[in-house]
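Peer 1: Numbering (our numbering), first residue to last: 46 to 181.
What you were told as hints is all true, and nothing was included just to trick you.
So the derived label-pair ranges between C-beta atoms look like this:
1) Asp52 / Gly143: 35 to 43 angstroms
2) Ser51 / Ala169: 30 to 38 angstroms
3) Asp113 / Ile50: 16 to 24 angstroms
4) Arg54 / Gly143: 31 to 39 angstroms
5) Gly77 / Thr121: 35 to 43 angstroms
6) Ser176 / Ser87: 31 to 39 angstroms
7) Gly143 / Glu57: 28 to 36 angstroms
8) Gln72 / Pro165: 14 to 22 angstroms
9) Glu123 / Gln175: 29 to 37 angstroms
Just so you know, these hints were derived from the structure itself, not from any lab.
Beta carbons are placed, not taken as given, at the ideal position from N, Cα and C, and that holds for glycine.
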Amino acid sequence: MGSEISDQRRAEVARRAGYRCEYCLIQEDDVGFRHHIDHVVSRKHGGTSDLGNLAYACVLCNRRKGSDVASIDAKTGEAIRLFSPRRDRWTDHFRLNGEVIEPLTDVGVATVRFLRLNAPERIAERQLLQSLGEYP
46 MGSEISDQRR
56 AEVARRAGYR
66 CEYCLIQEDD
76 VGFRHHIDHV
86 VSRKHGGTSD
96 LGNLAYACVL
106 CNRRKGSDVA
116 SIDAKTGEAI
126 RLFSPRRDRW
136 TDHFRLNGEV
146 IEPLTDVGVA
156 TVRFLRLNAP
166 ERIAERQLLQ
176 SLGEYP
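With the sequences and hints as input, model every part of the structure.
Peer 2: What follows is the structure in structure tokens.
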């Protein structure tokens, strides 16, 4: 999180997201580390710290995403943009099938793969949280 993001701005982003990661939907209270403020378009790519470019992201999603905004499609070699919480609706690109986040679009496929949303440890975490009635 950049130092130019005030505590007030951070709280506003967290409230807007319902204290959930806007990529994997995990609740901040269910993980061991405080969620991060993600610049959807990173500052190095010209993104700002305005509310319209900030998302709430768990440590795992934020670290995997880094400053990237796209991924390369393994089949076509084309760049596919990643899911953007400020411009996209989660349910347009993903759906939950039990503990698995299923992609519905090319953007969803790229994001699930790039952020490793269905890595075995992430699936196990969601499965445990679901058994406790805590996810999503």
